[in-house]
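Visitor: Now for the letters of each chain:
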Amino acid sequence: MAADPMMPLGGRTRLAAAGARAATESALRNPNRADRATGAIFLALLLLGIGVAMAGLAAILIWSLIEGAPRLGLELLTNGPSTVRPEQAGFRTSILGSIMVVGGVLVLIVPVGVGAAIYLEEYADRERWWNRLIELNIQNLAGVPSIVFGILGLAFIVRGPLSLGFVAAAASLTLALLVLPTVIIAAREAIRAVPPSIREGSLALGATRWQTIRRQVLPAALPGILTGVILSVARATGEAAPLLLVGAVTFVTFDPSFFEGAYSTLPVQIFNYSNRPQAEFRVLAMAGVIVMLGLVLLMNSFAVWLRNRYEQSW
Amino acid sequence: MNIELQERSQVGMDEGRSGVGVRILTQTPARDSAARGEVVFELEDVSCYYGAFRAIRDIRLAIHENAITAIIGPSGTGKSTLLRSFNRMNDLVPGARVEGKILYHGIDLYDRRVDAVEVRRRIGMVFQKPNPFPKSIYENVAFGPRVAGTKAGLDDIVERSLRRAALWDEVKDKLKSSGLSLSGGQQQRLCIARAIAVQPDVILMDEPCSALDPVATLRIEQLMTELKENYTIVIVTHNMQQAARVSDETVFLTMDEDRAGYLVEHGPTPQIFTKPQNRLTEDYVSGRFG
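Residue numbers (the numbering used here), protein chains in the order written: chain A, 1 to 314; chain B, 1 to 290.
Hint data in this document are derived by calculation from the structure and do not stem from the laboratory.
Check each hint, because a few of them may be wrong.
[To be verified] Residues of chain A placed beyond 12 Å of chain B at every Cβ, according to the derived structure: (1) Gly73; (2) Val107; (3) Pro145; (4) Gln211; (5) Ser257.
[As the list claims (entries may be wrong)] Partner residues aside, some chain B positions facing chain A, computed with beta carbon under 7 Å: (6) Val117; (7) Arg120; (8) Arg121; (9) Met125; (10) Asn131; (11) Pro134; (12) Gly144; (13) Leu154; (14) Val198.
Even for Gly, the Cβ is constructed at its ideal location relative to N, Cα and C.
Required output: the full structure, derived from the provided sequences and hints.
Guide: In structure tokens:
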């Protein structure tokens with residue numbers, strides 16, 4: 001029978017409606033307790049994880065600041081190292097060495113890394129076995145421990161075919177090989193993120209493949225590529241293990257040059273100072289740690305800012 | 001917007017035969033066959049394959065100058081494949097090949113000596129989803145001439161192209177702003193301006209209005225009617241009414257049992273929609289399938 005909303009409800013209908021209302025009310029008031037509890041525990045574990053990570057990071061930062069604060073000053077950057085007078089020792093030569101080595105890495109990884117990424121993304125036919133092999137190799141190399149690259153550098157760059165000797169150029173080459181897989185992977189992701197419709201639009205206007213890459217794909221992929229490069233450079237700045245094998249001598253008193261002579265870098269120098277028995281040297285080492293952390297933090301922040309500023313929304 | 005519903009005088013509303021009369025919106029007088037221009041494309045037994053799969057077969061077709069030819073048919077019948085074969089965009093798909101001859105002003109487009117890049121400068125394309133480059137409006141339109149080698153006079157080329165695409169008044173004060181900041185309909189007109197800037201002979205349009213709202217669609221249809229005076233236009237469309245409104249000639253494709261598309265009928269638009277020769281065509285335009 002048709003329900004007329006204006007007519008009052010009959011007896012059985014009223015009973016049924018009341019029962020439904022009671023059921024709804026009880027369901028709303030008593031949610032499933034087991035579900036709620038699981039959800040809360042999960043959230044607690046997540047917060048615990050974040051807390052531990054943040055606490056660890058904070059511990060390192062605070063401890064370095066407390067330990068190294070007494071020695072923070074301009075002479076840290078201008079004085080050379082000294083074994084006998086810790087009050088006057090500084091990081092000058094190793095900072096210069098770091099700048100040289102990292103500069104060399106930058107010059108090497110940008111053309112090689114971006115070029116390899118362009119080849120793999122734009123020109124390589126993914127069905128061919130050799131291209132798949134290259135891809136596999138690059139992804140594996142990204143996970144190889146850095147000391148292995150040190151041995152590689154010693155065998156082939158310092159001695160062996162290249163025979164550059166224990167110089168800063170050899171360190172640049174070694175570190176470039178270390179971070180190259182990361183740059184290639186980051187650049188590939190950036191290039192892949194450019195939509196195919198942009199390439200199609202460009203080709204349909206009569207542009208050649210290379211013109212499309214140079215004028216549309218690369219400019220659009222630039223923020224991602226730059227971010228990858230800066231992060232890799234930040235990593236290379238902090239590497240010590242491979243450089244110890246490639247000859248970053250720990251006591252260099254004169255300003256280094258690129259292709260000849262002994263050199264040192266900041267992490268290696270810190271390592272050296274922290275090994276000495278005198279307490280003053282440990283303070284000095286911590287001051288060096290603060291400098292290096294500051295540098296790496298600066299580079300990473302720049303990378304993040306760059307990425308956010310030029311983020312593309314299609 | 002002053003659009004009049006007119007019945008074309010040469011072609012009556014043949015209610016009896018097709019079952020559904022098609023009202024044709026038009027602003028220009030109907031073109032009769034005797035006024036057809038020169039042949040721009042001549043297709044001789046053209047088949048397109050993607051690997052082993054034959055997408056379209058045995059197409060014999062002539063496209064005329066300064067006219068709008070619409071390619072209609074159900075989904076999957078190879079309309080886009082056919083369109084893309086006109087400017088060698090199918091070359092970009094690995095495993096795609098074309099058999100038969102596609103003659104453009106008498107030249108076989110798929111001859112080994114023909115450069116695909118040159119082909120695409122003369123035969124432009126506008127895609128279904130507007131795809132402006134992530135650059136300024138000026139740079140979007142100037143891109144084509146730049147890659148063709150033009151260094152001077154770009155300002156004039158940009159203005160002329162934007163005027164022809166009926167976009168100049170809306171963007172003349174913000175040529176430096178990003179192409180992506182425009183509305184959908186404006187972006188599509190930007191893509192049309194971009195295609196016009198290289199001064200092509202032919203403009204291919206692959207469902208140019210399917211991603212746009214009705215108002216923008218109408219604008220673009222008006223634009224097409226203006227453009228056909230200077231360019232030859234071939235348009236693929238799912239929208240039968242659009243084909244009826246805008247085109248001078250219509251090509252109807254459908255699929256056979258092997259899922260290969262083939263050409264059922266080709267003729268002047270009024271005839272296809274009111275007095276189709278083929279039973280299949282009649283069924284499609286009256287909405288019985290597709």
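Visitor: Now tell me, hint by hint, if it's right for this structure.
Guide: Now the hints, each set against the structure:
| no. | hint | result |
| --- | --- | --- |
| 1 | Gly73 | 47 Å, holds |
| 2 | Val107 | 29 Å, holds |
| 3 | Pro145 | 39 Å, holds |
| 4 | Gln211 | 5 Å, violated |
| 5 | Ser257 | 44 Å, holds |
| 6 | Val117 | 5 Å, holds |
| 7 | Arg120 | 4 Å, holds |
| 8 | Arg121 | 3 Å, holds |
| 9 | Met125 | 4 Å, holds |
| 10 | Asn131 | 4 Å, holds |
| 11 | Pro134 | 6 Å, holds |
| 12 | Gly144 | 4 Å, holds |
| 13 | Leu154 | 14 Å, violated |
| 14 | Val198 | 6 Å, holds |
Checked against the numbered hints listed earlier, the structure breaks hints 4 and 13; every other hint is satisfied.
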